[in-house]
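Q: As a plain string of letters, each chain reads:
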Amino acid sequence: MMSDQKMNGSEIIIKALINEGVDTVFGYPGGAVLPIYDAIFQQNQLRHVLVRQEGGAVHMAEGYARSTGNVGVVLVTSGPGATNAVTGLTDALMDSIPIVCLTGQVPTHLIGNDAFQEADTTGITRPCTKHNYLVKDMADLPRVMHEAFYVARSGRPGPVVIDLPKDILMGEGTYEDFSSVEHRTYQPRFKAAKTEIDRAVSMIAASKKPVFYCGGGVINAGPKASKSLRRLVKLTGAPITQTLMGLGAYPGSDRQFLGMLGMHGTYEANLAMHDADLIVAVGARFDDRITGRLADFAPNSQKIHIDIDPSSINKNVAVDLPIVGDVGAVLDQMLRAWKAKNLKTNQKALKAWWAEINEWRKKDCLKYKQAGDIIKPQFAIERLYEHTKDLDCYITTEVGQHQMWAAQFYKFEEPNRWMTSGGLGTMGYGLPAAIGVQVAHPNSLVVDISGEASFLMNMQEMSTAVQYRAPVKVFVTNNQYMGMVRQWQELLHGGRYAESYTDALPDLVKLAEACHWVGLRATKPDEVDDVIKEMIAVDKPVIADVWVDQTENCFPMIPSGAAHNEMLLGPEDEAEKPISEEGMVLV
Amino acid sequence: MGLDNTIERHTIAVLVDNEAGVLARVIGLFSGRGYNIESLTVAETDPDAAISRITIVTTGTPMIIEQIKAQLDRLVPVHRVVDLTIEGASVERELALVKVAGKGNKRVEALRIADIFRARAIDSTNESFVFEISGSTEKLDAFIDLMEPLGLVDVSRTGVVAIARGKSAL
Ligand SMILES: Cc1ncc(C[n+]2csc(CCOP(=O)(O)OP(=O)(O)O)c2C)c(N)n1
Ligand SMILES: [Mg+2]
Chain H
6 MMSDQKMNGS EIIIKALINE GVDTVFGYPG GAVLPIYDAI FQQNQLRHVL VRQEGGAVHM
66 AEGYARSTGN VGVVLVTSGP GATNAVTGLT DALMDSIPIV CLTGQVPTHL IGNDAFQEAD
126 TTGITRPCTK HNYLVKDMAD LPRVMHEAFY VARSGRPGPV VIDLPKDILM GEGTYEDFSS
186 VEHRTYQPRF KAAKTEIDRA VSMIAASKKP VFYCGGGVIN AGPKASKSLR RLVKLTGAPI
246 TQTLMGLGAY PGSDRQFLGM LGMHGTYEAN LAMHDADLIV AVGARFDDRI TGRLADFAPN
306 SQKIHIDIDP SSINKNVAVD LPIVGDVGAV LDQMLRAWKA KNLKTNQKAL KAWWAEINEW
366 RKKDCLKYKQ AGDIIKPQFA IERLYEHTKD LDCYITTEVG QHQMWAAQFY KFEEPNRWMT
426 SGGLGTMGYG LPAAIGVQVA HPNSLVVDIS GEASFLMNMQ EMSTAVQYRA PVKVFVTNNQ
486 YMGMVRQWQE LLHGGRYAES YTDALPDLVK LAEACHWVGL RATKPDEVDD VIKEMIAVDK
546 PVIADVWVDQ TENCFPMIPS GAAHNEMLLG PEDEAEKPIS EEGMVLV
Chain D
37 MGLDNTIERH TIAVLVDNEA GVLARVIGLF SGRGYNIESL TVAETDPDAA ISRITIVTTG
97 TPMIIEQIKA QLDRLVPVHR VVDLTIEGAS VERELALVKV AGKGNKRVEA LRIADIFRAR
157 AIDSTNESFV FEISGSTEKL DAFIDLMEPL GLVDVSRTGV VAIARGKSAL
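Taken in order, these protein sequences are the chains called H and D.
Residues in the first sequence are numbered consecutively from 6, following the numbering used here.
Residues in the second sequence are numbered consecutively from 37, following the numbering used here.
Think of the hints as simulated: they come from the structure by calculation, not from any bench.
For glycine and all other residues, C-beta sits at the position ideal for the given N, C-alpha and C.
Please note: incorrect hints may appear among the correct ones.
A short, non-exhaustive set of chain D residues, derived as facing chain H with CB atoms under 10 angstroms [said to hold, decoys possible]:
1. Asp-53
2. Ala-56
3. Ala-60
4. Gly-64
5. Gly-68
6. Arg-110
7. His-115
8. Arg-116
9. Val-118
10. Thr-121
Throw the hints in and build the complete structure from the sequences for me.
A: As structure tokens, then:
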């Protein structure tokens, strides 16, 4: 496999990328990476998408990765190029998204000298990557390139940085294809032991109030894992809830799906978790947005936890049966065991459990009233869902109320269709992520459900969308507020809306036009449908500026530090259930 | 297990690739996640395979200790993580260099105690000794405490190294 042909470092890098199946790189040039750009210029297998700020490049690669299941690739220069990428890398780490980020570096002999555009990139990115490398020896380059891809996509996926001094990019070396070489130390466990599987299925069969609680790990395990999950949930007849990251793993419109759980999850999902006698956690990590007050989390339940990352297990919540393995593989093992043993869930108990759940459902916790002249944000998103649900559509979001409403009202039937910044909650994620998705799926509809404040954070990428003919749609629920901040100020800080009003907002329609986009606006409920239809019909990037109720809050809400059964269902509850002081210090 | 809030002290051995940044990864993990390090020692133990052994003494609840091990094991250059405190019997040693300065009776007394503790004087002047002492952390603590009133001026300790008893390797 070793080729004797001498190449320079940049050519070796391109060759390795191509052999890893990469077709697109999101990047931005600068002095330290010019040799790679030169090599890109001289070939035509790799496409380069020029972003407008490096932070956008990482989010685009994330959108690309999450919608395809492949590793997303980023290329940035040294110093400010690398530091601009840090937010995206952290985002990818928190949400377990496979990214390989190539960063330029000053030549090896200048490292440590405070050279122009030098930053300690491996030092800065060590805590926000799954792993990182600084290549100081030409001979290491081919191995490191391939190893980075292996690390990024294996086990619990994550971002990997390769820091590349300029002399390495220009030096001479030989390429060797390491893409199928086994890694010395990093080999995550894939399958579960038979005893674990046997115990898991018998716990499910014996339970009276089971609930599946599934997260982004199911999506990361590939579409096959979602299929297996669906089969197992159907076979057992148990209810299922999903985290923000897990939406789409199980069909959103299915009767057994209780909706999202957690801080803005549904009443029925959270109460089912609270009252369950068995929680089957699949590729989810019991984070604080899910558990609420830990001491009161699912107090009467046994817990099975399936995850590929042992460090996710017993981190926040102690479980009875930990199973380390690939979610897809383990679910298949469970399916086989369930069938081989001819198991059945306790039908009588399950019936009673569903009766209880259906009572909770009757609360209709997501209800809202669309009356009068003001558009309710929930209504706008529901209409968007109705117009796009039968289309080949991908949804990204920014961060805030609109994100939660999107999660509540948009029903995802398939995995990899929903891209949102879950763990880090990065405003400005949605637009670049949408462009990354669109680049990977040029013929699909890609909509960024957005808030006006978040949109402003990365709006420079509008220009990228135009250059690469990525006709993304930014659907802004425009409340002129950092709505989620305003909501917390209302609930926790006596309605003192410090700095959460977005004054001097640009006219988004004119902004669209100035950027060669199409701008549309809806200010009345009866304009919403037309705007959505036109947005879909136009073969160009579009901002749909939908003016919504500025005072609307997102419910249900489990305030920080409260338990699942202390949920606020609507404005009426705000006064009755004041938030505790301990809760206020939490985020 | 979740309810067990007793703080335990564990000695963990970690085999890692001896490559740039590996110690920073381990230390960064502890500081980033707020874990305690009581002591940490590191040196290359297998030069041919370029493998180093890190010995970490840490404290935490059983759940935290489990997290620490899982998080360490997740680092890419880590080969093995072994909790010597729970995996069978092990022996632990630490070495200290202890400088005591003084004259007259105190000097005699320092020598006498050093003898009892089997510490060796590896440097001496008219007014000072440097003792080398090895043993358990508790023994070193006791020795240093006794030297305090006798003119203790400086201490350098290695931190704990540990190894399992019996014939098998890590
Ligand atoms: C980069 C970043 N800075 C700050 C925050 C804190 N934050 C969370 S939501 C939010 C307001 C978002 O406003 P907007 O995009 O208009 O969405 P809305 O809540 O109004 O729907 C802010 C400031 C964040 N999540 N990300
Ligand atoms: Mg807003």
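Q: Take the hints in turn and mark each one as holding or not.
A: To see whether the hints hold, each was checked on the structure:
no.	hint	in the structure
1	Asp-53	holds (7 angstroms)
2	Ala-56	holds (7 angstroms)
3	Ala-60	holds (6 angstroms)
4	Gly-64	holds (6 angstroms)
5	Gly-68	holds (5 angstroms)
6	Arg-110	holds (5 angstroms)
7	His-115	holds (5 angstroms)
8	Arg-116	holds (9 angstroms)
9	Val-118	violated (14 angstroms)
10	Thr-121	violated (18 angstroms)
Consistency with the previously given hints fails for numbers 9 and 10, ordered from lowest to highest.
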